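Those protein sequences? They're chains A and B, same order as listed. Counting from 1, position 268 in the first sequence corresponds to residue 268 in UniProt numbering; the numbering is continuous, with no gaps. Counting from 1, position 66 in the second sequence corresponds to residue 66 in UniProt numbering; the numbering is continuous, with no gaps.
Just so you know, the hints here were simulated from the structure itself, not pulled from any lab data. Accuracy of the hints is not assured; some may be wrong.
Identical copies carry no separate label here, and so any pair may be met within one copy or between two of them.
[As the list claims (entries may be wrong)] The list that follows gives simulated cross-link-like pairs (lysine-lysine, DSSO-like), each with its CA atoms no further than 27 Å apart:
| id | residue 1 | residue 2 |
| --- | --- | --- |
| 1 | K71 | K206 |
| 2 | K281 | K126 |
| 3 | K254 | K207 |
| 4 | K71 | K295 |
| 5 | K142 | K126 |
| 6 | K254 | K142 |
| 7 | K3 | K142 |
| 8 | K207 | K3 |
| 9 | K206 | K8 |
| 10 | K71 | K126 |
| 11 | K199 | K254 |
Here the structure is a predicted model, which means the values were calculated and not measured.
Number of protein chains: 2
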Amino acid sequence: MSKIALPKMLESVSHDYDCVYYDETLGAMDDVEIVVGYPKDLIEYIANYPSLKLVHLVSAGFDYVDLETLKNHGVEVYNARGVYSIPIAEYIVGHLLSLTKQIPYYRDMQSQQLWEPQVSHELFGKSALFLGAGDIAQETSKRLRSFGVTTTGTNRKGNLIETFDQVYPLDSLNDLLPNYDIVINTLPANNHTIHILNKQTLSLMKKDAVLINIGRGNALCTDDLLEILDNHLDHVILDVFEEEPLPQNHPLWKHPKATLTPHCSGRSDAIDLRLFNLISKNIDAFIRKEPVENKII
Amino acid sequence: MSKIALPKMLESVSHDYDCVYYDETLGAMDDVEIVVGYPKDLIEYIANYPSLKLVHLVSAGFDYVDLETLKNHGVEVYNARGVYSIPIAEYIVGHLLSLTKQIPYYRDMQSQQLWEPQVSHELFGKSALFLGAGDIAQETSKRLRSFGVTTTGTNRKGNLIETFDQVYPLDSLNDLLPNYDIVINTLPANNHTIHILNKQTLSLMKKDAVLINIGRGNALCTDDLLEILDNHLDHVILDVFEEEPLPQNHPLWKHPKATLTPHCSGRSDAIDLRLFNLISKNIDAFIRKEPVENKII
Chain A
1 MSKIALPKML ESVSHDYDCV YYDETLGAMD DVEIVVGYPK DLIEYIANYP
51 SLKLVHLVSA GFDYVDLETL KNHGVEVYNA RGVYSIPIAE YIVGHLLSLT
101 KQIPYYRDMQ SQQLWEPQVS HELFGKSALF LGAGDIAQET SKRLRSFGVT
151 TTGTNRKGNL IETFDQVYPL DSLNDLLPNY DIVINTLPAN NHTIHILNKQ
201 TLSLMKKDAV LINIGRGNAL CTDDLLEILD NHLDHVILDV FEEEPLPQNH
251 PLWKHPKATL TPHCSGRSDA IDLRLFNLIS KNIDAFIRKE PVENKII
Chain B
1 MSKIALPKML ESVSHDYDCV YYDETLGAMD DVEIVVGYPK DLIEYIANYP
51 SLKLVHLVSA GFDYVDLETL KNHGVEVYNA RGVYSIPIAE YIVGHLLSLT
101 KQIPYYRDMQ SQQLWEPQVS HELFGKSALF LGAGDIAQET SKRLRSFGVT
151 TTGTNRKGNL IETFDQVYPL DSLNDLLPNY DIVINTLPAN NHTIHILNKQ
201 TLSLMKKDAV LINIGRGNAL CTDDLLEILD NHLDHVILDV FEEEPLPQNH
251 PLWKHPKATL TPHCSGRSDA IDLRLFNLIS KNIDAFIRKE PVENKII
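All chains, full assembly: derive it from the sequences and hints.
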């Protein structure tokens with residue numbers, strides 16, 4: 001039976017397998033065939049797993065993984081795509097509604113015990129453009145459409161996915177940006193996406209548009225954003241940053257048009273169970289030599 | 001041609017009709033057949049409109065209207081049902097997500113420039129019970145279901161409406177209350193709904209449930225709520241109150257489990273147009289002697 005190294009947080013996965021658990025790092029193990037975790041920490045131990053056949057990431061992103069090295073060792077890599085989509089979709093819609101319904105304003109009024117109604121806005125009738133059309137964008141689109149928001153996804157070829165009202169090729173981004181009230185970056189980090197949101201593309205957006213970045217921090221050029229934000233865009237909602245944690249003295253923290261959160265959009269109390277379900281299903285399939293979901297290499 | 005008295009805010013409705021506009025009150029007018037507004041202010045002038053045939057409310061609620069007097073004068077009354085449903089549905093889902101995604105916590109962290117992620121919760125998989133099954137409940141249910149929330153409406157006979165996963169008779173409320181994570185009151189004010197949420201019914205709710213009242217303030221007994229809130233319920237979101245404005249020294253203002261807003265959930269910058277569309281359509285139909293929507297008497 002395959003021996004599996006699992007992070008302590010997934011101890012509940014254990015019962016069916018021959019498992020070892022680890023906290024931060026794991027020593028040399030001759031017989032471990034499957035490792036679940038963040039191979040950012042594991043790559044330096046690669047030589048310690050002569051039997052390693054599969055790495056299952058607990059993250060959806062894999063830009064931090066040395067795929068080349070793992071491939072050279074004949075190791076297959078799978079990611080946790082799909083696990084974080086629901087909380088991230090809820091994060092996006094929640095922050096958009098907080099802005100639209102002026103929830104922070106009313107919270108301030110309550111703290112001062114003031115009865116001061118004002119006219120707020122609606123999501124209804126707005127349009128949203130997604131950079132990307134993967135499962136995060138799809139889960140978000142599904143929810144936004146129930147609010148009467150029209151949604152557009154973008155992918156390499158512009159192949160239609162039913163969850164969106166329409167899908168265009170990502171390379172038509174410059175033509176698309178001027179037409180949307182909401183722009184949401186869900187792209188993974190790679191050579192094509194670094195600084196895809198820069199001074200030129202940001203300036204193409206509607207003057208009163210809202211920008212949301214929950215993809216990767218380096219998709220958005222922070223310096224360019226700061227340069228245009230005073231006179232362009234209505235608001236930005238950012239959960240990821242070029243440098244994380246965002247340095248304490250960074251001017252974005254106090255910008256009146258910025259809502260910042262500490263890379264938390266995918267965290268929820270339902271994640272461990274969802275991760276457990278995916279990983280145990282995939283490990284089962286791998287051991288039985290059946291098709292495994294979410295293969296990267 | 002019928003003469004119509006319209007509030008100034010709806011001046012754009014004018015072009016097709018013979019109209020007079022008014023700010024707060026309108027003097028005696030022999031030839032006015034249709035009055036649009038809040039007849040709370042108009043009832044004392046009823047004798048001044050010998051030709052009055054129709055009152056079209058700009059509100060959805062009509063508990064403040066002296067229907068008896070209007071009926072005795074042979075006046076038909078229509079309300080603005082449907083006009084406020086979209087912003088109220090957005091308000092409800094927005095406040096629920098703000099709570100679930102801990103948006104106020106992250107706002108506080110941002111104001112202190114602190115990077116402090118924590119695990120938040122999900123709407124996904126929760127259950128919501130609506131007191132009422134009208135258009136506000138339906139618009140909200142539609143949105144909540146896109147988040148994977150199961151929804152239950154209640155109406156007099158429990159007749160199924162497709163927008164909900166299920167509908168039960170309102171008189172089974174006591175059996176229903178223990179089973180829901182979220183309870184949303186959307187009922188209008190009448191003799192059957194006053195204090196329908198009282199110490200006994202509130203105590204039937206799950207200990208960690210969230211209560212939302214956007215119907216009428218007197219559906220919820222505030223004193224009973226205050227009595228149980230410290231030890232029961234996770235949070236209450238209240239937009240309407242038994243006394244409005246809520247007195248400045250009221251203990252609810254500072255209760256850590258309460259989010260209060262000043263009867264603003266139905267206000268949005270899209271309301272005037274929606275109201276204009278409904279009222280002008282109804283006036284057209286009335287003049288042409290065709291069926292008019294939203295008849296009350």
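Against the structure, the hints:
{"no.": "1", "hint": "K71 with K206", "in the structure": "neither (44 Å within a copy, 52 Å between copies)"}
{"no.": "2", "hint": "K281 with K126", "in the structure": "between (39 Å within a copy, 25 Å between copies)"}
{"no.": "3", "hint": "K254 with K207", "in the structure": "within (21 Å within a copy, 38 Å between copies)"}
{"no.": "4", "hint": "K71 with K295", "in the structure": "within (12 Å within a copy, 71 Å between copies)"}
{"no.": "5", "hint": "K142 with K126", "in the structure": "both (14 Å within a copy, 17 Å between copies)"}
{"no.": "6", "hint": "K254 with K142", "in the structure": "neither (32 Å within a copy, 36 Å between copies)"}
{"no.": "7", "hint": "K3 with K142", "in the structure": "neither (40 Å within a copy, 47 Å between copies)"}
{"no.": "8", "hint": "K207 with K3", "in the structure": "neither (56 Å within a copy, 43 Å between copies)"}
{"no.": "9", "hint": "K206 with K8", "in the structure": "neither (47 Å within a copy, 32 Å between copies)"}
{"no.": "10", "hint": "K71 with K126", "in the structure": "neither (45 Å within a copy, 42 Å between copies)"}
{"no.": "11", "hint": "K199 with K254", "in the structure": "within (21 Å within a copy, 44 Å between copies)"}
Of the numbered hints listed earlier, those contradicted by the structure are 1, 6, 7, 8, 9 and 10.
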